[in-house]
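K.L.:
For reference, the chains in residue letters:
There are 2 protein chains.
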Amino acid sequence: MPHVYERDGAEIYRQSFRTIRAEAELGRFSPEEERVAVRMIHAAGMVDLVRHIRFSPSFAVTAFAALEAGAPILCDARMVSEGITRARLPVDNPILCTLGDPQVPDLARAMNNTRSAAALELWRPHMEGAIVAIGNAPTALFHLLNMLEDPACPRPAAIIGCPVGFVGAAESKEALWEAQPVPCCIVEGRLGGSAMTVAAINALASAAE
Amino acid sequence: MPHVYERDGAEIYRQSFRTIRAEAELGRFSPEEERVAVRMIHAAGMVDLVRHIRFSPSFAVTAFAALEAGAPILCDARMVSEGITRARLPVDNPILCTLGDPQVPDLARAMNNTRSAAALELWRPHMEGAIVAIGNAPTALFHLLNMLEDPACPRPAAIIGCPVGFVGAAESKEALWEAQPVPCCIVEGRLGGSAMTVAAINALASAAE
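Respectively, the protein sequence lines represent chains P and F. At position 64 of the first sequence (counting the first as 1) the number is 64 in the working numbering, and the numbers step up by one without a gap. Adding 1000 to a residue's 1-based position in the second sequence gives its number in the working numbering.
Since the hints were made in silico from the structure, they are not lab data. Predicted model, so just to flag it, every value in this text is computed and none were measured. Treat the hints with care, as some may be off.
Said to hold, decoys possible - Ranges of calculated distance between the beta carbons of each label pair, as one might list FRET restraints: (1) F:A1069 x P:G9: 32 to 42 Å; (2) P:E209 x F:A1207: 39 to 49 Å; (3) P:R124 x F:A1065: 40 to 50 Å; (4) F:E1209 x P:E6: 37 to 47 Å; (5) P:P181 x F:A1069: 47 to 57 Å; (6) P:Q103 x F:P1154: 36 to 46 Å; (7) F:Q1180 x P:R21: 28 to 38 Å; (8) P:R21 x F:E1174: 23 to 33 Å.
Said to hold, decoys possible - Which bits of chain P does chain F cover? Going by a derived footprint, with three or more residues having C-beta under 8 Å, they are: (9) 24 to 37; (10) 44 to 51; (11) 95 to 104.
All C-beta atoms in this analysis are idealised placements derived from N, C-alpha and C, irrespective of residue type, glycine included.
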């Protein structure tokens, strides 16, 4: 007997978002933040994620406006850059992931750092006013913070800091939250990853659900 | 003051896996399953994930052997196909994601189903002996199960069934677990996603940690 299941993509989204809004404690968020949080929870399949999401006060409004104005999106991993739904972007914003650039392995050796961190050096010409989306590597987020300690380094408009894992993830996100060099969003602790990072971008890209 | 952090990728992996093995209840797994579970936990940043992971008895050994023998890897989403570490694959196994194929939108309309489900119809010539990696869409997993109800449909060697979310994810994975048309691995409930699906493939691809 064939399995019977909901096959309408739009209806699946509606039911999913309705379930999340029924189950998750979203009261502390602004309307803009709420939309971002709902999509992040959706991507994680985990209502409890809400307890770990933090937005700096102007993050959602700033990031939304930057995307509307054409900001590029700088991603630390191809799982992030490939996951973003191009059709939702307001003005065909450029999406950049430099991790696979042929200069990166040599740069990483010279910097005595990971390829994920070294790849950020190639962001410099694109960083001013950009949306930074770090969904994988704690070393990338730490290196970004060190880059931004130099006042001459171009400033992104906003940072999504969601690296995941057991070494440096919690620490790098706390460091971002303390420094807040620009408006930012984090998922505190070990949780994070490309899916929720992509979800945040997809939510910021369009008010349509 | 610049942030100081662990910059050695190999050391980050070692520390991460050591933490996971210290914290997670892995005793019920075979050595091959344990390696897969550890990487899935690593990708999720969540030790508790272990309670939701289920392997059918021959899954890990079968999938490992299939990859060694050159099995292609069929992925439901580009976040899965892009996340797989090519360098770990034993014989440069083909990786296929048909979601972006230009035939898929028309096929989806004709099938009255999602594009994620329709894309699987293009897997048929590659399915025999393949590793199926479903890390996003419940509709893809349900459609796969319906395809496999036809004895004439080619059989994959093994299925990783990890769709995520609030509509159909838990149900489609339970349906896979009940049917077990071939050896399989699931993450029960709402949790799932591309990162843990990729992690399972990366673990099965090589015994090296």
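K.L.:
Would you mind marking each hint as holding or not holding in the structure?
P.N.:
Hint check:
Taking 32 to 42 Å as the suggested C-beta distance range, the pair A1069 (chain F) and G9 (chain P) conforms, at roughly 36 Å. Between E209 (chain P) and A1207 (chain F) the beta carbon distance is about 44 Å. The supplied range of 39 to 49 Å therefore holds. For the pair R124 (chain P) and A1065 (chain F), the beta carbons lie near 46 Å from each other, so the given range of 40 to 50 Å is met. A beta carbon spacing of about 39 Å between E1209 (chain F) and E6 (chain P) agrees with the range 37 to 47 Å that was offered as a hint.
Hint check: P181 (chain P) to A1069 (chain F), Cβ distance near 50 Å, so the stated range 47 to 57 Å holds. For the pair Q103 (chain P) and P1154 (chain F), the beta carbons lie near 43 Å from each other, so the given range of 36 to 46 Å is met. For Q1180 (chain F) paired with R21 (chain P), a C-beta distance near 35 Å keeps the hint of 28 to 38 Å intact. Against the hinted window of 23 to 33 Å, the Cβ-Cβ separation of R21 (chain P) and E1174 (chain F) comes to about 25 Å, which satisfies the hint.
Only residues whose C-beta sits within less than 8 Å of a C-beta in chain F count toward coverage, and the stretch 24 to 37 of chain P has 0 of them, not enough to reach three; the restraint is violated. Counting residues of the stretch 44 to 51 of chain P whose C-beta lies closer than 8 Å to any C-beta of chain F gives 3; at least three are required, and the coverage claim holds. Counting residues of the stretch 95 to 104 of chain P whose C-beta lies closer than 8 Å to any C-beta of chain F gives 0; at least three are required, and the coverage claim is violated.
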